[in-house]
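There are 2 protein chains.
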Amino acid sequence: MKILLCNDDGIHAPGLAILAAEIKKIAEVVIVAPAREQSAMGHAITMSDPLRAEEYYKNGDFFGWAASGTPADCVKLALFALFDDRPDMVISGINQGSNTGINTLYSGTVSAATEGRINDIPSFAVSLTSYTSKEFAPAARFASKLALQMESLELPKGVSLNVNVPAIPEDEIKGVRITRQGLAVYEEIYHRRTDPKGSVYFWLDGERRQEENDPHIDERAVRAGYISVTPIHYDLTHYQTVQTLSEKMVNL
Amino acid sequence: MKILLCNDDGIHAPGLAILAAEIKKIAEVVIVAPAREQSAMGHAITMSDPLRAEEYYKNGDFFGWAASGTPADCVKLALFALFDDRPDMVISGINQGSNTGINTLYSGTVSAATEGRINDIPSFAVSLTSYTSKEFAPAARFASKLALQMESLELPKGVSLNVNVPAIPEDEIKGVRITRQGLAVYEEIYHRRTDPKGSVYFWLDGERRQEENDPHIDERAVRAGYISVTPIHYDLTHYQTVQTLSEKMVNL
Chain A
1 MKILLCNDDG IHAPGLAILA AEIKKIAEVV IVAPAREQSA MGHAITMSDP
51 LRAEEYYKNG DFFGWAASGT PADCVKLALF ALFDDRPDMV ISGINQGSNT
101 GINTLYSGTV SAATEGRIND IPSFAVSLTS YTSKEFAPAA RFASKLALQM
151 ESLELPKGVS LNVNVPAIPE DEIKGVRITR QGLAVYEEIY HRRTDPKGSV
201 YFWLDGERRQ EENDPHIDER AVRAGYISVT PIHYDLTHYQ TVQTLSEKMV
251 NL
Chain B
1 MKILLCNDDG IHAPGLAILA AEIKKIAEVV IVAPAREQSA MGHAITMSDP
51 LRAEEYYKNG DFFGWAASGT PADCVKLALF ALFDDRPDMV ISGINQGSNT
101 GINTLYSGTV SAATEGRIND IPSFAVSLTS YTSKEFAPAA RFASKLALQM
151 ESLELPKGVS LNVNVPAIPE DEIKGVRITR QGLAVYEEIY HRRTDPKGSV
201 YFWLDGERRQ EENDPHIDER AVRAGYISVT PIHYDLTHYQ TVQTLSEKMV
251 NL
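These protein sequence lines map, in sequence, to chains A and B. FYI, my numbering numbers position 221 of the first sequence as 221, with every residue one higher than the one before it. FYI, my numbering numbers position 22 of the second sequence as 22, with every residue one higher than the one before it.
Simulated from the structure, these hints should not be mistaken for lab results. As the structure is a computational prediction, the values presented were derived from the model and not from experiment. Treat the hints with caution; some may be incorrect.
Some but not every residue of chain A turned toward chain B, in silico, with C-beta under 10 Å [to be verified]:
id, residue
1, H12
2, I178
3, T230
4, P231
We put the CB at the ideal spot given by N, CA and C, even for glycine.
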């Protein structure tokens with residue numbers, strides 16, 4: 001089995017190194033990751049600029065390809081430019097910070113997995129729900145187990161998995177919960193500041209969020225100590241509305 | 001009615017100007033659009049850099065705010081930083097080029113509308129299905145009619161519309177078709193080149209795509225001469241799989 005690893009924190013990120021070390025125990029690993037951090041890049045791709053992919057070495061050993069683009073670009077490059085063979089799986093992560101709820105849309109990590117799945121490759125994203133903890137090992141071990149089980153899960157065409165692992169000691173993790181994406185709205189907080197030349201600028205600084213109480217929402221599951229696994233897909237069509245809208249828009 | 005306009009082609013783009021002129025006939029218009037082109041930015045947002053929004057004038061008249069970030073940033077700035085009042089609607093476009101099928105995921109234009117809808121504002125994106133035609137007027141007139149009808153459509157919470165207008169003479173447009181997002185896979189074509197210093201780089205150059213024959217797919221509808229209207233949402237959860245996966249993953 002050949003597994004392509006990607007992320008959005010960049011090829012230097014510790015989460016990727018720990019994931020790679022773990023996955024190498026069960027599969028051939030190829031890595032194409034952004035040369036620089038690409039957090040919150042969503043499903044952005046590079047269309048108007050050339051892309052570069054350079055060999056990246058760690059301690060004298062070849063580690064993978066550092067690409068100039070976004071996470072989705074990395075997967076596209078791996079599939080259509082860099083290699084002759086397609087990987088059997090795409091794993092994206094381990095992301096530093098949770099990718100739950102609405103943040104799923106903004107996540108470059110998730111989009112790399114989605115890009116793999118668009119191209120019919122079994123794919124999942126895995127994130128550690130802390131912006132500071134470097135305890136990636138439990139998440140890496142879970143990713144390895146999941147990789148081995150992916151085929152037996154028989155995921156439908158177009159469906160990938162978004163995995164979030166709580167940043168708590170491994171023996172305190174209560175298990176796995178299959179979840180749905182939270183939909184709570186964020187109220188963004190921007191700081192308005194003035195630069196030394198007198199021009200106004202804004203810094204995004206966290207957000208206030210509504211609470212959702214359903215335990216089967218991704219964010220709630222990780223906060224309760226579970227690994228959340230959300231099956232996601234990239235068909236954005238709202239099918240119920242397709243049916244009702246046809247009648248309502250007849251006169252437009 | 002106050003309508004926020006955004007796009008991903010940038011505040012200078014003719015599609016935005018023509019849309020603004022048309023929408024001003026039926027509503028108060030505020031514009032926050034990227035200072036530079038942000039095509040294919042997907043749902044990227046700016047988290048690590050400050051954002052700027054500067055007044056942009058056209059022919060001596062104030063036109064709108066030119067922001068340094070992505071289309072989604074523009075909508076966030078409009079809602080949470082620049083104005084005291086929320087708009088009643090968000091319209092994103094008119095995009096130069098179609099946003100159908102898988103391209104819906106990559107589109108900054110669509111993501112701006114999605115960002116509006118995340119924040120509970122009725123929203124739609126509108127694109128002209130040509131990368132060269134400047135005949136935006138029919139799409140602008142349709143956007144105006146749709147804006148007036150949005151309330152009566154009673155779209156469910158979280159649902160926005162992705163509109164694609166065929167780039168053909170207005171009297172040849174056959175009508176409106178409610179569609180679903182195409183899912184055909186693109187096989188990307190990258191050109192491998194060598195720069196003057198001998199380093200390899202890649203240029204993305206179009207794609208080969210599978211054909212989908214269902215007339216109710218967005219891409220097929222516009223090619224048949226219809227305006228396609230696809231109701232989309234941002235809950236990526238694949239609900240059928242949530243149910244089946246709980247049993248299969250019990251031993252992980």
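(message) Under the constraints set out in the numbered hints, which ones does this structure not fulfil?
(response) 1
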